[in-house]
Amino acid sequence: AQRVTQPEKLLSVFKGAPVELKCNYSYSGSPELFWYVQYSRQRLQLLLRHISRESIKGFTADLNKGETSFHLKKPFAQEEDSAMYYCALEFSSGSARQLTFGSGTQLTVLP
Amino acid sequence: ETGVTQTPRHLVMGMTNKKSLKCEQHLGHNAMYWYKQSAKKPLELMFVYSLEERVENNSVPSRFSPECPNSSHLFLHLHTLQPEDSALYLCASSQGQGNEQYFGPGTRLTVT
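Quick note, the sequences are listed as chains A and B, same order.
First residue of the first sequence: 1, per the numbering used here; consecutive thereafter.
First residue of the second sequence: 112, per the numbering used here; consecutive thereafter.
The shape of chain A in the complex, shown without the other chains:
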């Protein structure tokens, strides 16, 4: 069965430090992976998807099929990056495409 694991519930870093949010997945098919973010008092929104291979707000994520990982990285964290981050895997179930989410990592960037 497909599963997404985010091992860290909480992560704190200082402003300007590098940050890496871990995500591992299990899926027998070809994975499509996403990072969604929820800032305080805002709704959940897409941050980036692996298929687009772009950097958003300085964040990048590389799909590593060998390690079944899709870690989110940023070289220099900013205070405004503090938010809840969810890794998500898209898979096919019957005629539907579904997202399954990890449990999320609360990132706090300290001044």
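Read the hints as simulated data drawn from the structure, not as lab findings.
Be careful, since some hints might not be right.
Stated by the list, open to error - Think about it this way: if two alpha-carbon atoms lie no more than 20 Å apart in a straight line, the pair counts; the simulated SDA-like pairs of lysine to any residue are:
hint, chain 1, residue 1, chain 2, residue 2
1, B, 147, A, 3
2, B, 147, A, 103
3, A, 9, B, 149
4, B, 152, A, 53
5, B, 147, B, 116
6, B, 147, A, 98
7, B, 152, A, 14
8, B, 151, A, 7
9, A, 9, A, 22
10, B, 151, A, 31
11, B, 147, A, 43
Here the structure of chain A is known, so what remains is to put chain B in place on it, guided by the hints.
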């Protein structure tokens, strides 16, 4: 109003009540979703509608009954809920499945 809206934002109901959650999307999307977000569990997909037809029901108890009368509206009808059904219920929409999902602000449901 733009994006995805949900009403009510907060709902307290007894176990014998019947209530409905409403979701409306103003994005011209053709797929809509209900998710449940509990305090100690990951976001769980409940239902998927594509072109107003239900394409997925993730083993959700029958006390939750979705309805999609058109591509812009999605309802979740609730009856005889249990206290463990207390959660944040999120609606989302997308243009086709497999594309970015846009989420509503959620309805915070408390079952007493």
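Do the hints match the structure? See the list:
1. B:147 with A:3: Judged against 20 Å, a Cα distance of about 17 Å means the pair holds.
2. B:147 with A:103: OK: residue 147 (chain B) and residue 103 (chain A) at ~12 Å, within 20 Å.
3. A:9 with B:149: 15 Å, holds
4. B:152 with A:53: Cα-Cα ~29 Å, so violated.
5. B:147 with B:116: Status holds; Cα separation ~16 Å.
6. B:147 with A:98: 14 Å, holds
7. B:152 with A:14: 28 Å, violated
8. B:151 with A:7: Satisfied, since the Cα-Cα distance of roughly 14 Å is no more than 20 Å.
9. A:9 with A:22: 10 Å, holds
10. B:151 with A:31: 26 Å, violated
11. B:147 with A:43: Roughly 14 Å separates the two Cα atoms, so the pair holds.
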